[in-house]
Amino acid sequence: MMDMPPKELHTLRVNGEALEVAFWPHRTLLEVLREDAGLTGTKHGCELGECGACAVLVDGKPVLSCLQLAVECVGGQEVTTVEGLAQDNRLHPLQEAFADLGGSQCGYCTPGFLVTAKAFLDERPRPTREELKEALSGNLCRCTGYLQIFEAVEQAAERMAEAGRAEEQGR
Amino acid sequence: MPGSGPTYPLATMPPDDPTPTPTHTVGQRLERLDARAKVLGTARYADDLTFPGLLHLKVVFSTQPHARVLAIRTDAARRAPGVRAVLTAKDCPGENLIPLVLPDLTLMAADRVRFVGDPVAAVVADTPEAAHDAARLVEVDYEPLPAVFDVLEALRPGAPVVAPPISGPAGHGGANTAPNLFNLLEVKKGDLAAGFEAADVVVEQEYRTPYQAHAYLETQGMTCVPEPDGVFAVYGCMQCPFYVHEAVARVLGVPRHRVKVIQVGTGGGFGGKEDVPSIIAGLAALGAWHTGRPVKLVLSRKEDFETMSKRHPALVRLKVGAKEDGTLTALEEQLWLDGGAYATLSPVVLYRAVTHAAGPYRWPAVHVTGHAVATNKVPCGAFRGFGTLQVIFALESILDELAERLGIDPLDLRLKNAVRVGDALGTNQALTESVGFIETLERAAEVSGYREKRERYRTWQEGPKRRGVGLGCLLYGVGLGAKGKFIDRTGAHVQLYPDGSCAVSIGNAEMGQGLRTVISQIAAEELGLEFSKVQTFDGDTSRVPDSGPTVASRATVMAGNAVRDACGQIRRELRAEAGLMLGVEPDALEVFQTWVRVKAAPERRVAMNDVIARAAHARRALTASGFRLPADTWWSDDEGQGKAYEVYTYATNVCEVEVDVETGESRVIALTAAHDIGRAINPTLAEGQIEGGALQGLGFALTEEVHIDQGVIKNPRFATYIIPTAMDSPELKAVIVEHPYSGGPYGAKGIGEPPIMGIAPAVTNAIKAATGARLFECPATPERVTEAMKAQGVAARDEVAV
Numbered sequence: 001m002m003d004m005p006p007k008e009l010h011t012l013r014v015n016g017e018a019l020e021v022a023f024w025p026h027r028t029l030l031e032v033l034r035e036d037a038g039l040t041g042t043k044h045g046c047e048l049g050e051c052g053a054c055a056v057l058v059d060g061k062p063v064l065s066c067l068q069l070a071v072e073c074v075g076g077q078e079v080t081t082v083e084g085l086a087q088d089n090r091l092h093p094l095q096e097a098f099a100d101l102g103g104s105q106c107g108y109c110t111p112g113f114l115v116t117a118k119a120f121l122d123e124r125p126r127p128t129r130e131e132l133k134e135a136l137s138g139n140l141c142r143c144t145g146y147l148q149i150f151e152a153v154e155q156a157a158e159r160m161a162e163a164g165r166a167e168e169q170g171r
Numbered sequence: 001m002p003g004s005g006p007t008y009p010l011a012t013m014p015p016d017d018p019t020p021t022p023t024h025t026v027g028q029r030l031e032r033l034d035a036r037a038k039v040l041g042t043a044r045y046a047d048d049l050t051f052p053g054l055l056h057l058k059v060v061f062s063t064q065p066h067a068r069v070l071a072i073r074t075d076a077a078r079r080a081p082g083v084r085a086v087l088t089a090k091d092c093p094g095e096n097l098i099p100l101v102l103p104d105l106t107l108m109a110a111d112r113v114r115f116v117g118d119p120v121a122a123v124v125a126d127t128p129e130a131a132h133d134a135a136r137l138v139e140v141d142y143e144p145l146p147a148v149f150d151v152l153e154a155l156r157p158g159a160p161v162v163a164p165p166i167s168g169p170a171g172h173g174g175a176n177t178a179p180n181l182f183n184l185l186e187v188k189k190g191d192l193a194a195g196f197e198a199a200d201v202v203v204e205q206e207y208r209t210p211y212q213a214h215a216y217l218e219t220q221g222m223t224c225v226p227e228p229d230g231v232f233a234v235y236g237c238m239q240c241p242f243y244v245h246e247a248v249a250r251v252l253g254v255p256r257h258r259v260k261v262i263q264v265g266t267g268g269g270f271g272g273k274e275d276v277p278s279i280i281a282g283l284a285a286l287g288a289w290h291t292g293r294p295v296k297l298v299l300s301r302k303e304d305f306e307t308m309s310k311r312h313p314a315l316v317r318l319k320v321g322a323k324e325d326g327t328l329t330a331l332e333e334q335l336w337l338d339g340g341a342y343a344t345l346s347p348v349v350l351y352r353a354v355t356h357a358a359g360p361y362r363w364p365a366v367h368v369t370g371h372a373v374a375t376n377k378v379p380c381g382a383f384r385g386f387g388t389l390q391v392i393f394a395l396e397s398i399l400d401e402l403a404e405r406l407g408i409d410p411l412d413l414r415l416k417n418a419v420r421v422g423d424a425l426g427t428n429q430a431l432t433e434s435v436g437f438i439e440t441l442e443r444a445a446e447v448s449g450y451r452e453k454r455e456r457y458r459t460w461q462e463g464p465k466r467r468g469v470g471l472g473c474l475l476y477g478v479g480l481g482a483k484g485k486f487i488d489r490t491g492a493h494v495q496l497y498p499d500g501s502c503a504v505s506i507g508n509a510e511m512g513q514g515l516r517t518v519i520s521q522i523a524a525e526e527l528g529l530e531f532s533k534v535q536t537f538d539g540d541t542s543r544v545p546d547s548g549p550t551v552a553s554r555a556t557v558m559a560g561n562a563v564r565d566a567c568g569q570i571r572r573e574l575r576a577e578a579g580l581m582l583g584v585e586p587d588a589l590e591v592f593q594t595w596v597r598v599k600a601a602p603e604r605r606v607a608m609n610d611v612i613a614r615a616a617h618a619r620r621a622l623t624a625s626g627f628r629l630p631a632d633t634w635w636s637d638d639e640g641q642g643k644a645y646e647v648y649t650y651a652t653n654v655c656e657v658e659v660d661v662e663t664g665e666s667r668v669i670a671l672t673a674a675h676d677i678g679r680a681i682n683p684t685l686a687e688g689q690i691e692g693g694a695l696q697g698l699g700f701a702l703t704e705e706v707h708i709d710q711g712v713i714k715n716p717r718f719a720t721y722i723i724p725t726a727m728d729s730p731e732l733k734a735v736i737v738e739h740p741y742s743g744g745p746y747g748a749k750g751i752g753e754p755p756i757m758g759i760a761p762a763v764t765n766a767i768k769a770a771t772g773a774r775l776f777e778c779p780a781t782p783e784r785v786t787e788a789m790k791a792q793g794v795a796a797r798d799e800v801a802v
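Order-wise, the sequence lines are chains D and X.
If you count the first sequence from 1, position 49 lands on 49 in this note's numbering, and the numbers rise without skipping.
If you count the second sequence from 1, position 626 lands on 626 in this note's numbering, and the numbers rise without skipping.
Only chain D is shown next, with the shape it has when bound in the complex (with noise of 0.2 Å):
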């Protein structure tokens, strides 16, 4: 039996902030995040990679971060959570829509959800229900059946490309 081995310091950025914090090296993502960071907005779910609750952005792209380890997210990669989307106090406009519309029930899910549903209307704006069903088929959800999950990500996506049409006339 080998006593635990000494916590390594690390800078990770995460939100747009640089972290120092000291971890296990074992540690996942999800751990370090949770566990050493205090951020626990992230969920673990399965610990698996199989029901999509701890997903995380990692330079913009979804990651389960429970099959990732922390020590291979210091190299400057940007780490973006849940509480990572609401800007200036202002709700993102997924986060507007998941409240108004029901996608939220237990909630649990929800941050794997939300962050994965940015990463693909960044790469795809307007998609159809077909392409969402199969962007967000990697994140389980017990309670509502999905449909106001979709519908909210819908509502998000026209909003976001209100605000961007708006954008553009300002200029």
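One thing to keep in mind: the hints can contain errors.
Only pairs whose alpha carbons sit at most 30 Å apart, straight line, appear in this in silico DSSO-like list of lysine-lysine [stated by the list, open to error]:
#1 D:K61 - X:K302
#2 X:K188 - D:K133
#3 X:K465 - X:K453
Now the stretches of chain X that chain D is said to cover, found in silico as 3 or more residues with beta-carbon under 8 Å [what the hints assert, rightly or not]:
#4 176 to 190
#5 569 to 582
FYI, nobody ran anything at the bench for these hints, they're computed from the structure.
Glycine included, every Cβ here is placed at the ideal spot set by N, Cα and C.
With chain D's structure known, arrange chain X on it following the hints.
Just chain X, lined up with the frame of chain D:
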């Protein structure tokens, strides 16, 4: 009145409050109170909490389905780094017992394990990793005992005894009087022999339904914190804080005022967080007791899957008769529920099963015999629907077979026999109000285009993909009913502040269904406040009255009525104050939107905010406790009859499937679900319940299956236990039908469970319509559909001579 036990006063509304007309918040699509926290990631769930000095607990579970425990060797684990305690059954300072219907469930197995997953020991350590590593060093010596895994074998003379006879407290659900029989219940109505004699057609079949895992996204988790005042505070996810409260006090052997239980964000329950959280809390509390430090236990997905409760698998033998014109004449059913190793909630799950077996139909004669049976498998307990999916699958399947034999459309057969106000159920309970079944049949048929599609798909379909539509109907008794009435009460605490805002505390749990939002809507309506001025808090057992479990689709009705009771007391004060302001008698006043006005002259009014400010200044009592009992119910075990539940909801599902007859794969194209829920307090939340429940129902119907071999669950993960994904979500239409219930707040009945209940037969009836093959067991996997087609001589496309 037949039945035993004390009689209870009827729940009545204050005399000035018959089902009122909502004015501004009830019936509105208001945003959930907790929506912001959930989208921001700030909502806090069991594992998000941390405390100074927190330790972590890991459980050592039995690896044997049935064995004597000869020795538990803990020395190596005790010496492992970071380990603070290693605990076994003998370390319980109080009782080694989780009290439920029958006193048979141990916190940790003492001398005998009954299933693979029985807790045997617990390791408490500084980190989750240290606890995990040390738990592997605990060695248990077992002497294997003969085990039994099948319900019929378990009831044979000489079978291994999993559960010896034991009695529960009088009146609570039942007692197992024979080995391995947790409960035996009958429903009896009319003359069965005469009923079958009068029948022109009789159909008899055997049906089976599988386990279902709750698969809530958040696994079970609890933290117990020993506080400086000697109180053990328990925080975690749960549906029933007062169950946990009693269990922890008894395990620790302390009076109940030394324990307080606080429900935190709960990531899905569906019944799976009704009884078993008491085990998790009991273990965490035991760790806290022995170490004097906060102890957290959160299960891994695998542990949760293998050891926590499931939906009961069932075997149903059903025989029904009808006259040529479709009039039903008799129903006879034998039912076996596989309860697993401990009784947990099986006795009352069986009660709900047998009282729902005859469905929302008029039967002159009924005889149902139900058995809840012990086996050496994971205990089965509460799961959304609570024993009804099993009997509904059988009944709704056999009604379609009957319709086919009679040459009547399944919809017409149901319309002909559907219950209305004035009819009696299979339990002989007379229905006196709020029976919207026929309207659900009509609305579901209309919205889904049922009749056109039946007609269209009746003709020969080209190609391997065949479509069909099917029906699945149900009724659901709201609340705990006669076998649960001994714990059926609710309380609430309402506090109005001088600034016109309001705090409401209830003893029932928010687990995603939106209860806190609904309660705020009711309180805002009752007190003439804006919705944003009411905050509803979850109960802390030290501050709110025991409100029973948050199960049985009862919380809107029960907590809603308790809140109305409290608000009514405060409203009397507000009306008195407003009477002084307007110079009229209080009785001449009513609350309308955010005003108090003169009934006879509505233009004479004062703003509620001003009334509250003055009432507070006048030192009127603006704080009140509300308390409610349900309308009385009764059940006679001897007669097999009673007023089983106070009121029922009704629903009709229409499912359209496409079956590939070459592969056996079924895809649901569209699903329409029409539910009579009395009144939707918040339609968005009600639709969320209907949609989510329907998809869980599709999982039960099509993909979800626990593979279990010699008591070992072979697929304890999401990769192999398949719940519906976004790709499996069909076009789904939720239809709300409102036949108000006079005993519910604003006419509401309940909506939590019915959405899942009638989905499976709607799917398999549609598969039958599409392929000609009848499934007698779900889920309808491609293998089962292909086998059924083969066995029943239904040709696939390529075998048909064109």
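Open item on the list: Run the distance test for K188 (chain X) versus K133 (chain D): straight-line Cα separation, threshold 30 Å.
Closed with: Status violated; Cα separation ~49 Å.
- [ ] Examine the region 569 to 582 of chain X for residues whose CB is less than 8 Å from any CB of chain D, and state whether their number is three or more.
- [x] That given contact is violated, which follows from only 0 residues of the region 569 to 582 of chain X lying within Cβ reach (below 8 Å) of chain D.
- [ ] Starting from K61 (chain D), check that the Cα of K302 (chain X) is at most 30 Å away, please.
- [x] Answer holds: K61 (chain D) to K302 (chain X) is near 28 Å, not above 30 Å.
Open item on the list: So if I understand the rule, the pair passes when the alpha-carbon distance is 30 Å or less; does K465 (chain X) with K453 (chain X) pass?
Closed with: Within the cut-off at roughly 15 Å; holds.
- [ ] Go check the region 176 to 190 of chain X versus chain D for me, would you? Three or more residues, Cβ under 8 Å, otherwise it fails.
- [x] violated (count 0)
When held up to the earlier numbered hints, the structure conflicts with 2, 4 and 5 and fits the remainder.
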